[in-house]
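Line by line, the protein sequences give chains W and L.
Position 82, counted from 1, in the first sequence is what numbering that gives the first Met the number 0 calls 81; the numbers after and before it change by one each time, with no gaps.
Position 110, counted from 1, in the second sequence is what numbering that gives the first Met the number 0 calls 109; the numbers after and before it change by one each time, with no gaps.
Just so you know, the hints here were simulated from the structure itself, not pulled from any lab data.
Everything numeric in this text was worked out from a predicted model, so none of it was measured.
Note that beta-carbon positions come from the ideal geometry of N, C-alpha and C, so glycine has one too.
A few of these clues could be false.
To be verified - Residues from chain W that face chain L, not an exhaustive set, calculated with beta carbons under 10 Å:
#	residue
1	L14
2	L15
3	L17
4	S18
5	Q59
6	T60
7	S63
8	M68
9	S114
10	A116
11	V222
12	M231
13	Q235
14	A255
15	T292
16	D295
Unchecked claim - Simulated pairs of lysine to any residue, SDA-like, Cα-Cα distance not exceeding 20 Å:
#	chain 1	residue 1	chain 2	residue 2
17	L	K81	W	L106
18	L	K214	W	P48
19	W	K75	L	F251
20	L	K81	W	D294
21	L	K214	W	L9
22	L	K214	W	K75
23	L	K81	W	A300
24	L	K214	W	M0
25	L	K81	L	T127
26	L	K81	W	D288
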Amino acid sequence: MQLYLPIAELSVHILLLLSLGGGVGFLSGLFGVGGGFLMTPLLIFIGIPPAVAVATATTQTMGSSFSAMLGHMRRKNVDFRMGAVLLAGGVAGSAAGVELFRLLRELGQVDLAISLAYVGFLGTIGGMMLVESLRALNRARRTEAARRKLHRHTWVHGLPLKMRFPRSKLYTSIFPPLAIGASVGLLAAIMGVGGGFIIVPAMIYILGMPTTAAIGTSLFQIVVLMGFTTMMHAYQNQTVDVVLAVILLLGGVIGAQYGLRAGAKLKSEQLRVLLALLVLAVCLRLAYDLVATPDDLYSIAPWSGS
Amino acid sequence: MKARRTLVWGLAGLALIAAAGPARAVTDLASDVSSRLIEITSNFSGASLLIFGYARSGLEREGTDLVIVIRGPAAETTVRRKERVAGIWVNRSEVTFSGVPDVYAMASTRALDDATRAFFRQVHGLGTENLRPEVGAATEGADLEAFRAALIRRKMEADLFQDRPGAVQVVKDGLFRAEIDLPATVPVGQYAVDVYLFANGALVTRETSYFAVDKSGIERSLFNLAHEQPLLYGLSAITLALILGWLASALFRRP
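Generate the whole structure from the sequences, applying the supplied hints.
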């Protein structure tokens, strides 16, 4: 059955959308990521205008992250105080990002910006994850890892305006979380991603938070940030397609549950290797499109004149 | 007195119409479209439009031809050209055309070159190759002709522009019909259907009818809400996403 999307202004088969949501949901359940970084390129690939794809993936990410956050809240993995500091930075970054997005759209370079941002970030994160997880896999095979300290203190913790975060077992300056929040907010607006794949490693490796608290807290900040970004896109660009978001969510939440079950059967290092390969595959695909000679050099700008 | 004068004028008018009748009959052309309003609903996947009509002079005679043109709402359209910069393809130059119909479909009884003289094709813009959109803003040094060709090519690939010689069928005597499929991406707005009657390549007369494409039902409401009440729309989208997320978490919660 074809379904007409009122904001994207085109018809897509409903099963295609459901399976897209389900597939990405499965992977996000499997790997514990929001899946926005997969959803946006896939939506663009099936013909949704990039601006609508980015804005709608934002809404969809918020819904699926909220679902996951509720689970983590029950296990007390959400550090609301840390979340609030991240968000203070995130909201500023997101507002700047939506404005930048609008500017790029006027310049006709929004597709390029989205693709470049994706290739850059997915390439970096995917590469780092692959190296790290392969090492971890090797280590696990050889010996039990030596007991580590809670976290190492570096100069970033020593900046002024220190604050205690009991749930994360941290005492740190608020500037590093503010900066992390702001950069993720900017990415969220331009790429339609929650930024979980960036903020979780940043919280673990830069701030030194425990992994479970990092995931729970990142989900909390993603929900609020995505809500804010959805509002900004809806208000400034009118690019949020609510019909598309609902169908993707329906498929996504079901897929995520199956992903969770499948994930329980795999080792965490194996999961990380697979996720890294997936991230790199998406990155290569987008990079190929940037470099390969297009079939037609000319294109008609979407939504001209209105 | 007044009533009488009205009567006289009325009679005179009737006589005029009666006199004009036979004179017009030679070239009389009537046409209509199957639908005055194409509604975009949630399962919209394009529309098939039937254009039908009657030419009193008959259509079987050699050299009698019909050309039908559907034109959608006109808008400014920007065409961009990619160039390779440091190994990456980037939009570098652009040309904005004005007065480009969003949708353009031509159907005719025969190939346009056989049915019509070049003069009429150019004056009335018959066939996509005779579309001459005005150039607005353009990047310096852009090859305007290449951009114009690209505009038409890309529109044709999307089925928004169509050339369908031979698509007008003569049913019998002066009756004709043509079916034109509009893709799911048709923009909303007012559309005009022009039927041109040609005799030996020269334009005899033209008849115009209109139809509209509009979103209807929930699609219309959502679109309006998004544009007129963006705050409310954004809040609803967020609420909906939160409810779905909560439902999923509640439904799949392990006992």
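Structure-based check of each hint:
no., hint, in the structure
1, L14, "13 Å, violated"
2, L15, "13 Å, violated"
3, L17, "13 Å, violated"
4, S18, "17 Å, violated"
5, Q59, "7 Å, holds"
6, T60, "9 Å, holds"
7, S63, "6 Å, holds"
8, M68, "8 Å, holds"
9, S114, "9 Å, holds"
10, A116, "13 Å, violated"
11, V222, "8 Å, holds"
12, M231, "8 Å, holds"
13, Q235, "8 Å, holds"
14, A255, "7 Å, holds"
15, T292, "7 Å, holds"
16, D295, "7 Å, holds"
17, K81/L to L106/W, "13 Å, holds"
18, K214/L to P48/W, "19 Å, holds"
19, K75/W to F251/L, "19 Å, holds"
20, K81/L to D294/W, "11 Å, holds"
21, K214/L to L9/W, "12 Å, holds"
22, K214/L to K75/W, "47 Å, violated"
23, K81/L to A300/W, "12 Å, holds"
24, K214/L to M0/W, "18 Å, holds"
25, K81/L to T127/L, "24 Å, violated"
26, K81/L to D288/W, "13 Å, holds"
Of the hints listed earlier, those the structure fails to meet are numbers 1, 2, 3, 4, 10, 22, 25, in rising order.
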